[in-house]
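Peer 1: Using the hints, position chains B, C and D against chain A.
4 protein chains.
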Amino acid sequence: MSSDKRVCLAYSGGLDTSTILKWLILEGYTVVCFLADVGQKEDWAEVEKKALALGAERMIIDNLQQEFVDELIFPAIQCNAIYENRYLLGTSLARPVIARAQVRAAHKYNCKILSHGCTGKGNDQVRFELAWKACDPSLQVIAPWRMPSFFKRFAGRQDLLKFAAENNIPVSSTPKAPWSQDDNLAHCSYESGILEKPDLPAPKDVWTRTVDPLDAPDVPTKFSITFKEGVPVKLEVEGGETVTGSLELFKALNEIAGANGVGRVDIVESRFIGLKSRGCYDSPALTVLRLAHIDIEGMTVDSKVKSIMAWVGNEWSQCLYNGMYFSPERELLENSITYSQKHVAGKVDMMVYKGAAHVLARSAPESNLYSEEQASMDTLEGFSPEDTSGFIAIQAIRLEKYGAAKIKQGEPLTRSS
Amino acid sequence: MSSDKRVCLAYSGGLDTSTILKWLILEGYTVVCFLADVGQKEDWAEVEKKALALGAERMIIDNLQQEFVDELIFPAIQCNAIYENRYLLGTSLARPVIARAQVRAAHKYNCKILSHGCTGKGNDQVRFELAWKACDPSLQVIAPWRMPSFFKRFAGRQDLLKFAAENNIPVSSTPKAPWSQDDNLAHCSYESGILEKPDLPAPKDVWTRTVDPLDAPDVPTKFSITFKEGVPVKLEVEGGETVTGSLELFKALNEIAGANGVGRVDIVESRFIGLKSRGCYDSPALTVLRLAHIDIEGMTVDSKVKSIMAWVGNEWSQCLYNGMYFSPERELLENSITYSQKHVAGKVDMMVYKGAAHVLARSAPESNLYSEEQASMDTLEGFSPEDTSGFIAIQAIRLEKYGAAKIKQGEPLTRSS
Amino acid sequence: MSSDKRVCLAYSGGLDTSTILKWLILEGYTVVCFLADVGQKEDWAEVEKKALALGAERMIIDNLQQEFVDELIFPAIQCNAIYENRYLLGTSLARPVIARAQVRAAHKYNCKILSHGCTGKGNDQVRFELAWKACDPSLQVIAPWRMPSFFKRFAGRQDLLKFAAENNIPVSSTPKAPWSQDDNLAHCSYESGILEKPDLPAPKDVWTRTVDPLDAPDVPTKFSITFKEGVPVKLEVEGGETVTGSLELFKALNEIAGANGVGRVDIVESRFIGLKSRGCYDSPALTVLRLAHIDIEGMTVDSKVKSIMAWVGNEWSQCLYNGMYFSPERELLENSITYSQKHVAGKVDMMVYKGAAHVLARSAPESNLYSEEQASMDTLEGFSPEDTSGFIAIQAIRLEKYGAAKIKQGEPLTRSS
Amino acid sequence: MSSDKRVCLAYSGGLDTSTILKWLILEGYTVVCFLADVGQKEDWAEVEKKALALGAERMIIDNLQQEFVDELIFPAIQCNAIYENRYLLGTSLARPVIARAQVRAAHKYNCKILSHGCTGKGNDQVRFELAWKACDPSLQVIAPWRMPSFFKRFAGRQDLLKFAAENNIPVSSTPKAPWSQDDNLAHCSYESGILEKPDLPAPKDVWTRTVDPLDAPDVPTKFSITFKEGVPVKLEVEGGETVTGSLELFKALNEIAGANGVGRVDIVESRFIGLKSRGCYDSPALTVLRLAHIDIEGMTVDSKVKSIMAWVGNEWSQCLYNGMYFSPERELLENSITYSQKHVAGKVDMMVYKGAAHVLARSAPESNLYSEEQASMDTLEGFSPEDTSGFIAIQAIRLEKYGAAKIKQGEPLTRSS
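Protein chains in written order, with the UniProt record's numbering: chain A, 1 to 417; chain B, 1 to 417; chain C, 1 to 417; chain D, 1 to 417.
I should point out that these hints are in silico values taken from the structure, not numbers from a laboratory. Owing to the predicted nature of the structure, the values given are computational and were not obtained by experimental measurement. Don't take every hint at face value.
[To be verified] Just a few of them, taken from the derived set where beta-carbon distance is under 8 Å, the chain C residues facing chain B: (1) I273; (2) G274; (3) L275; (4) D302; (5) V305; (6) I308; (7) E315; (8) S327; (9) L332; (10) N335; (11) S336; (12) Y339; (13) S340; (14) K342; (15) E366; (16) I397.
[To be verified] For each label pair, taking beta carbons as the anchor points, the in silico distance ranges come out as: (17) D:L200 - C:Q66: 31 to 41 Å; (18) B:V171 - D:Q140: 40 to 50 Å; (19) D:K234 - A:N335: 24 to 34 Å; (20) C:G55 - D:E372: 31 to 41 Å; (21) C:R415 - A:G245: 31 to 41 Å.
[What the hints assert, rightly or not] List of simulated lysine-lysine pairs, BS3-like, C-alpha gap at most 25 Å: (22) B:K342 - D:K108; (23) A:K112 - B:K222; (24) B:K112 - A:K406; (25) A:K197 - B:K222; (26) A:K234 - B:K197; (27) B:K108 - A:K406; (28) D:K406 - C:K108; (29) C:K347 - A:K342; (30) D:K408 - B:K228; (31) D:K228 - C:K197; (32) B:K406 - A:K108; (33) D:K41 - C:K406; (34) A:K347 - B:K197; (35) B:K347 - A:K204; (36) D:K342 - B:K408; (37) B:K347 - D:K408; (38) D:K406 - C:K204; (39) C:K408 - A:K347; (40) C:K347 - D:K204.
Note that CB positions come from ideal geometry on N, CA and C, so glycine has one too.
The following block holds chain A by itself, in its conformation from the complex (with noise of 0.2 Å):
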């Protein structure tokens, strides 16, 4: 069949990807289905399964676990990825090496088209199409959810569900939960529902990769995590294991600090589209390892490199964010963030307790940035006192016009407001 009647249809199994991936076949398409393994829990079989069953032509299921890590997740602890000071990005991170496997499949299953199940509102049809548009401008995209032939059929659950019934869809039977969740290895989040009044706490049972900090256990786990080239190479657990590989530490720690509480977030932000939305975040590693990863950097990176690479790893975050991971801008901020990190090494002692992640001390072996010495309040060992008031006294020149000013404005700077 002509390659302009094949899509790559985004497929998780669920009920708004079946009712996509049927209405597709009944559009006369061939559909191709992909899902990625980017570390969620799922039943690959039975969704593979049910593609099968469904129509689709085959079912494709890509591990990208390990590029995730090494790509997006360890770039982001690079440059202490935030947005928004509170959201660590689990999505947005997940999203381009998704995006970038589908384009992949896409070419080899000759598809000239890519379809998703995102809905018109959110940051994720964004993320997935700019990403497929950069990869591979030549690509169509078939956005159901945005398309009124598509939503005003399926305006509500009902109709999603008496579809399922005629077209031998097999539903779930344990009930939808009143939110959505988004899985990964980075984070899995919580949106929508009843958890759009931001003014209600978020049901108890909402999370999944955390314990309530209220039933975490009572006594700390404690660990030290080993940077170099400002990302995680080590993981050793105070009488336990002792991980290496990157995947299989960032695991760990998701392990280790979900056990204990670490790493939830329950924030209104500001969509890319304009719109303020709530979400909830559970990103246990990701938490642990920005702190760990901010601590080594104070041993580590020069205070003015600090401030340069602050603002860099701020228009890096929101280039996620936006969808623009592939972007000039991107990679260009992201040559930065590497450069940044050449000498950002050292160990990082931590402690995990009941919902809070704390560093307990640091070293950094092979820089010379601290040096007790010098830092000593009890010596002068190489250290002239009396520069620093020459220091102050030029610092001081434009203060002290400044404040003549004020006096000379009948604002004198002694005065209280």
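Peer 2: Just chains B, C and D, lined up with the frame of chain A:
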């Protein structure tokens, strides 16, 4: 006596400043002692008695708590102030109010000289002196710890003790802690001494304002904070008190958060003078209020304004850390901060528990930025999903060019690195 | 008639908007025509006559010159506005005043719909519509050049001419220039048509507001500009007039600078919608005033404030270019701009000559920032050169660490690359 | 002799450094004189003869022109470097290459001390010494103009002349110009003396590298500059030569632009040490190349990348101005600059005429960013104008909320201020 020999000395009653007081008198100066009450624990009568006994002309004790909270701490909350991603600036915030009040004291008591007991390696000397010079460029400064005639004479603690013995300076019978601390409403800091080994955890008994998270109550404390124009105006504790005055509210939060182990930070930071040093900080109320304020901004501040204010807040924080409070740039930045907060109003529900603060929910009835209906994934009321297609298509124009160029350059974006 | 069928159309009298006017009427709309006088050359009576002849209910001509200068052009001067390092934003500055006045006209004449003749590829459609939607979200927009029913019918100029002939739309007998232009007080722009080949120089007869530098007078024109609060308040031409009103002053400078060939810019710029395009701009007065303003800021603004304001000015410029004048971020930025200009006052002596503007001298008697005595290399009055040694020593601390680390890494800084 | 008494002195042959040379010898030092050839006009043999006659052990003259252009000037062009919106950094750019070479000379001739004749109020002392300390923290510095024993003895020019007479220091018979100047390939600067009155125009005979625009040729000179990776690689003069080597090209452009009066700047700037000073600068080639580079970036650099690089270029410029070339932040920034320039290639056609440089046209055949077809207002090939409607609608979401809030607050955006 001529004002040229009159010194206004920042006097704490400790061994260092008592030595300086006596030394100044021996050098022929008349000394007016000054101590700001910025919320630290102190036996005020004892300090006064000691100063007068040592020969000070008078001891001024100036309660600055209210202006400290209103003019410094609250703007810090409004701009989510933080230094190097961790430090909440507790000491930096107190310095401007203290320095300004000391200049006023110097004016009142006809002193042309100011003096302090700060070391020559720290930030505080810079903060005090830049503030003094801005407030009144005509004042002179005596900084004994930067004068060879002083620091060579008092090269170690033994020299200070010997001088104390010879000059009837009373020395506390409790042995000095092997670190130094600075206490005010905003925080208590701990540094130097045994803390100069950043690879060793801070001793358990360092912390004075927060209980150890492991010893914190087994039941969380819940409360809500109401903001108006970006500052907290009401604290309502679940099953407890309601507090409204700015100073009272801040103190109450210090108690609540501290009792639950919230607010500890242990970092290696970059001092203004180019050295790295390790600091431990206890900032219970600041920690909670910063988090609450970020949260309520999520509901009430436009995304682009947030992004601009993140930069402004960062610049403001650097001004404060570097002692540039009395500077034209801080004035300019703060003008923006105040302006940005006009409509930051609402209520945040929180919980503190064993070392962590959590946001549970929030509401901002006066803001139209969050709209449940608009945000909802379950309705399209007032939203045309087709618009997003156009939005994506236009955003993609330059990304498609980027992807096409990459293909031409032999580095297609579909390739994993 | 119901306001739902009443359109307020931005009408210029040209072939495009005349076609739209007629087409709207044929589609059943009642049309109120609107034309803003922002300083362009126009036969106003002729435009009105034409609009009414074609069936417009009325023709509103609104003189916005004064608010254009005071509310848009002068803030641009205050923040040294520029886009992509070259473009002085002439068109971008006019759009907000025009859009706002058109909304007022729509309100006055009971129109619920606004319309314009902008193309679908340009910036202006975005600027108008974003401004309209911010000013009154309840208004609808008809953008014919983005409606397939319109743009497919009028696919080329021949279709427009045919429609004109059929509908008695008078067409100018002078042949259309092979490019388009937009004229206002701030500038005249030239783009599209033969200018779309950026490798060919703009034809000599493109420029309407500046003489060719090669044809400019052989004698320079000298003048001085007096600033107060960052805006020009007096223009004194050597051997000539003195002008004080903001609008009059701006117009006089347009004449003087234009007559000397000053203000041409020819660039390839990035449109908001992701395309690059070539634009030629004639902005005589803006060019001179931007230079003069930068110069007087050199005398009157603190270095750190300058550095912050450079960033603010850049953000403001991007807002304007992208049609985000009516946005919370522009309001925030402009608040800072105004605040930063309180003490920007003084006089700049300049010369324009054959295509270039030159600053010759300046004075700012009310500012204490420049001090001949302090700056002087010939005296040390009030300056201790030893202070600089300390200043350098402290600044060097982190650089010495950097140099030492480089030596250890085998990349000594002494090596040329 | 022990290296502890061996000084490597930056020696120019002038009265100041000749006095310092003699003074150092009288103080018991052995002096190796060092002079960098960075393109200034100099009678090199005469300088050497004078140094040796005064007792220098040797006179090193080091031709650094090639590395100056390649390592400093070209990166400045790549990032469109400018300080405070006007100054092209000519002196700042030369300092790092000179300082580095002087350290190499000190190493070669076993000197542990470096010395210079910079004044205590200027930027150059900071630039030299920070560079020296970064390149080799073990070196000592003698800065006579900051040593009371020196500057009190030589309080005025008469003292220097008297010392010269007593010590057989030859003094030039041509009277000293009433200002100082610093000449190198990048520019010639003029400051101090009579130029310290910023309200008086610089005398006509100040400028050495540009003719007065009024005296420039009546016929423009046209040429094109070809860029590759952001640096000029070919200069083709209309009806004249073609130049390709970096140094030769830069020199040729200096001649052409200087002969047409292009490159003069007269400003009041903020020195690093907090003072404002007036500087006049002649930078013919830099002026032309900065403009050409900005222009070719318009064709070849993505808009978002441009915006990031504007910030990077500004930071780089501040590093250079403040003497922070040898710093980790400059290294980081320059890494980004280089990276951003990979695809900056093309040709810019220009004209210089009586004080102004003009871009006439440009082409960049290897870039796909500018597309005549896409940009064209006359065709819709490959463009769906409807997309822009969606783009605008989504961008408007938050602006509509802003406008609605303004109406509610009683400040509708339709109101002129």
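Peer 1: Determine for every hint whether it applies to the structure shown.
Peer 2: Okay, the hints, checked on the actual structure:
1. Nearest Cβ of chain B to the Cβ of I273 (chain C): about 5 Å, under the 8 Å cut. The hint holds.
2. The criterion of a C-beta within 8 Å of any C-beta in chain B is met by G274 (chain C), whose closest approach is roughly 3 Å, and the hint holds.
3. Nearest Cβ of chain B to the Cβ of L275 (chain C): about 6 Å, under the 8 Å cut. The hint holds.
4. The closest approach between the C-beta of D302 (chain C) and any C-beta of chain B is roughly 4 Å, which is under the 8 Å cut-off, so the hint is satisfied.
5. Satisfaction of the interface hint for V305 (chain C) is found here, the shortest Cβ-Cβ separation to chain B being roughly 5 Å, below the 8 Å cut-off.
6. The restraint placing I308 (chain C) at the interface with chain B holds, with a minimum CB-CB distance near 6 Å, inside the 8 Å limit.
7. Hint status for E315 (chain C) relative to chain B: holds, with the closest Cβ pair at about 7 Å, below 8 Å.
8. The beta carbon of S327 (chain C) comes within 7 Å of a beta carbon in chain B, closer than 8 Å, and the hint placing it at the interface holds.
9. At about 6 Å, the closest approach between the beta carbon of L332 (chain C) and any beta carbon in chain B falls short of 8 Å, and the interface hint on this residue holds.
10. The beta carbon of N335 (chain C) comes within 5 Å of a beta carbon in chain B, closer than 8 Å, and the hint placing it at the interface holds.
11. The restraint placing S336 (chain C) at the interface with chain B holds, with a minimum CB-CB distance near 5 Å, inside the 8 Å limit.
12. Hint status for Y339 (chain C) relative to chain B: holds, with the closest Cβ pair at about 5 Å, below 8 Å.
13. Look at S340 (chain C): its Cβ gets to within about 6 Å of chain B, closer than 8 Å, so that hint holds up.
14. Look at K342 (chain C): its Cβ only gets to about 10 Å from chain B, farther than 8 Å, so that hint breaks.
15. This hint is violated: E366 (chain C) has a C-beta 15 Å from the nearest C-beta of chain B, more than the 8 Å allowed.
16. For I397 (chain C), the suggested interface contact is upheld, since its CB lies about 3 Å from the closest CB of chain B, less than 8 Å.
17. For the hinted restraint 31 to 41 Å between L200 (chain D) and Q66 (chain C), the CB-CB distance of approximately 36 Å keeps it satisfied.
18. Taking the beta carbon of each, V171 (chain B) and Q140 (chain D) are about 42 Å apart, inside 40 to 50 Å as hinted.
19. Between K234 (chain D) and N335 (chain A) the beta carbons are some 28 Å apart, a value that agrees with the proposed interval 24 to 34 Å.
20. For G55 (chain C) and E372 (chain D), the Cβ-Cβ distance of about 38 Å falls inside the hinted range of 31 to 41 Å, so the restraint holds.
21. Taking the beta carbon of each, R415 (chain C) and G245 (chain A) are about 38 Å apart, inside 31 to 41 Å as hinted.
22. Of the supplied pair hints, the one linking K342 (chain B) and K108 (chain D) is violated, its CA atoms being roughly 64 Å apart against a limit of 25 Å.
23. For the hint pairing K112 (chain A) with K222 (chain B), the CA-to-CA distance comes to about 55 Å; that exceeds 25 Å, so the pair is violated.
24. With a CA separation close to 20 Å, the supplied pair K112 (chain B) and K406 (chain A) stays within the 25 Å bound.
25. Distance restraint check for K197 (chain A) and K222 (chain B): the Cα-Cα separation of roughly 19 Å lies within the 25 Å cut-off, and the hinted pair is therefore satisfied.
26. Annotation: proposed proximity of K234 (chain A) to K197 (chain B) holds, straight-line Cα distance about 23 Å (limit 25 Å).
27. For the hint pairing K108 (chain B) with K406 (chain A), the CA-to-CA distance comes to about 20 Å; that is within 25 Å, so the pair holds.
28. About 20 Å separates the Cα atoms of K406 (chain D) and K108 (chain C), which keeps this hinted pair within 25 Å; it holds.
29. Between K347 (chain C) and K342 (chain A) the CA atoms are separated by roughly 51 Å; this puts the pair beyond 25 Å, and the hint is violated.
30. The hinted pair formed by K408 (chain D) and K228 (chain B) meets the criterion: a straight-line CA distance of about 18 Å does not exceed 25 Å.
31. This hinted pair checks out: K228 (chain D) and K197 (chain C) have alpha carbons roughly 21 Å apart, not beyond 25 Å.
32. Restraint check for K406 (chain B) and K108 (chain A): satisfied, since their Cα atoms lie roughly 20 Å apart, inside the 25 Å limit.
33. A hinted pair counts as satisfied when its Cα atoms are at most 25 Å apart, and K41 (chain D) with K406 (chain C) does not qualify at roughly 35 Å.
34. The hinted pair formed by K347 (chain A) and K197 (chain B) meets the criterion: a straight-line CA distance of about 14 Å does not exceed 25 Å.
35. For a cut-off of 25 Å, the pair hint linking K347 (chain B) to K204 (chain A) stands: about 21 Å separates their Cα positions.
36. Distance hint between K342 (chain D) and K408 (chain B) is fulfilled; the C-alpha atoms sit about 14 Å from each other, no more than 25 Å.
37. At most 25 Å may separate the alpha-carbon atoms for a hinted pair to count; K347 (chain B) and K408 (chain D) meet this at roughly 21 Å.
38. Proposed proximity of K406 (chain D) and K204 (chain C) is contradicted: the alpha carbons are some 47 Å apart, above 25 Å.
39. For the given pair, K408 (chain C) sits about 21 Å from K347 (chain A) by alpha-carbon distance, which is consistent with the 25 Å threshold.
40. Taking the CA atoms of K347 (chain C) and K204 (chain D), the gap is about 21 Å. The hint holds against a cut of 25 Å.
In terms of the numbered hints stated before, the structure departs from hints 14, 15, 22, 23, 29, 33 and 38, listed from lowest to highest.
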